[in-house]
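J.: These are the residues of each chain, in order.
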Amino acid sequence: MDLFRRFALGEIDAFETLVRQFQGSVYAWIVRIVRDPGIAEDLTVETFWRIYRARHRFRHDGNFSAWSRRIATNLALDHLRRKRPEQSLVADPAGVPQPNHLLQREMQEEIHQAFRRLPVKLQVAAMLALVEEQPYDEIADALGISVGAVKLRIFRAVRILRRQLGHLGVRREEIQTRVNKNDRT
Amino acid sequence: MTGHDDRQIRDALQQSFPPVNTEIHRDLWPTVLRKLEARPAPMPWYDWALIGLSVGVFLFFPRLILVFAYHL
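From first to last, the protein sequence lines stand for chains A and B.
Just so you know, we're using our numbering here: the first sequence kicks off at 1 and counts up by one.
Just so you know, we're using our numbering here: the second sequence kicks off at 1001 and counts up by one.
Only chain A is shown next, with the shape it has when bound in the complex (with noise of 0.2 Å):
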């Protein structure tokens, strides 16, 4: 019988061989979403809890890469919109402060701040796309819609961050003005 018979019947050993050999992809998806390796490793363990509960929904001849790829998607789209809007994703980097930092730090934090304010499945396609630049027919799959509604989403959330950072260009320009006078002196 083959493994993923032997996990929709419940065998919790077919299930362990599964995790093993899933959880990298689940949690290097989830990670590029919600971008803490803690929230990922702890949505990741989430996703596996929902797919031993939902395994008499798998079907046997499907892609179990792609379901749970779904699901981490959901869990991770239900974990941004738990998640307080003024919290920001932006790591510090480690090691010693580099110059012009708090410069580049507080544009930064302004591209953050548009972005955190958009819907929140805008972001995800966003990010996938923009950031990660997943595959367009990767990311439809684990929202579950067509390839060309995640087009439409990511046309969407580059009109509006267009629109919240259209003072950026000015900004940006008045910031390596800055920047360049602070390395000449």
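Since the hints were derived computationally from the structure, they do not count as laboratory data.
Keep in mind it's a predicted model, so treat the numbers as computed, not measured.
A virtual CB, placed ideally from N, CA and C, is assigned to each residue, including glycine.
It is possible that part of the hints are untrue.
The following residues of chain B were derived to be distant from chain A, with all beta-carbon distances above 10 Å [unchecked claim]:
(1) LEU1053
(2) LEU1059
(3) PHE1060
(4) PRO1062
(5) PHE1068
(6) ALA1069
Here are the simulated DSSO-like cross-link-like pairs (lysine-lysine), alpha carbons at most 30 Å apart as the crow flies [what the hints assert, rightly or not]:
(7) LYS121/A - LYS1035/B
(8) LYS151/A - LYS83/A
(9) LYS1035/B - LYS83/A
(10) LYS121/A - LYS83/A
(11) LYS121/A - LYS151/A
For chain A, the structure is supplied; the task is to place chain B on it using the hints.
T.: Using the frame of chain A, we list chain B on its own:
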């Protein structure tokens, strides 16, 4: 929207969100197994009380079922 705009936003986002390490650091199977073995939380007493109260009300006032269904 132009491709240039699109590229600008993409570049700005990529600068703002540094790459994350997508490698998993540990085997999660023991944690998954612990979670599977954990007993589900029992239903709190007030949920039982609410169910009992609803059943009682509907037994004594069956017409309320129609009113309730209408407002659903």
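J.: Determine for every hint whether it applies to the structure shown.
T.: Hints versus structure:
Listed as outside the interface, LEU1053/B is consistent with that label: its C-beta sits roughly 30 Å from the nearest C-beta of chain A, beyond the 10 Å cut-off. Against the 10 Å criterion, LEU1059/B stays outside the reach of chain A, whose nearest CB is about 34 Å from its own CB. The beta carbon of PHE1060/B sits about 38 Å from the closest Cβ of chain A, which is more than 10 Å, so the claim that it is off the interface holds. Even its closest Cβ contact with chain A, about 37 Å, leaves PRO1062/B beyond 10 Å, as expected for a residue assigned away from the interface.
Taking the minimum C-beta to C-beta distance to chain A, about 30 Å, the non-interface status of PHE1068/B holds against the 10 Å cut. For ALA1069/B, the non-interface assignment is confirmed: its Cβ lies about 30 Å from the closest Cβ of chain A, beyond the 10 Å cut-off. Between LYS121/A and LYS1035/B the CA atoms are separated by roughly 29 Å; this keeps the pair inside 30 Å, and the hint holds. Of the pairs offered as hints, the one joining LYS151/A and LYS83/A holds, with about 25 Å between alpha carbons and a cut-off of 30 Å not exceeded.
The suggested pairing of LYS1035/B with LYS83/A holds, with an alpha-carbon distance near 23 Å, which does not exceed 30 Å. Proximity of LYS121/A to LYS83/A is assessed by CA-CA distance (about 14 Å); at most 30 Å being required, the pair is judged to hold. For the given pair, LYS121/A sits about 12 Å from LYS151/A by alpha-carbon distance, which is consistent with the 30 Å threshold.
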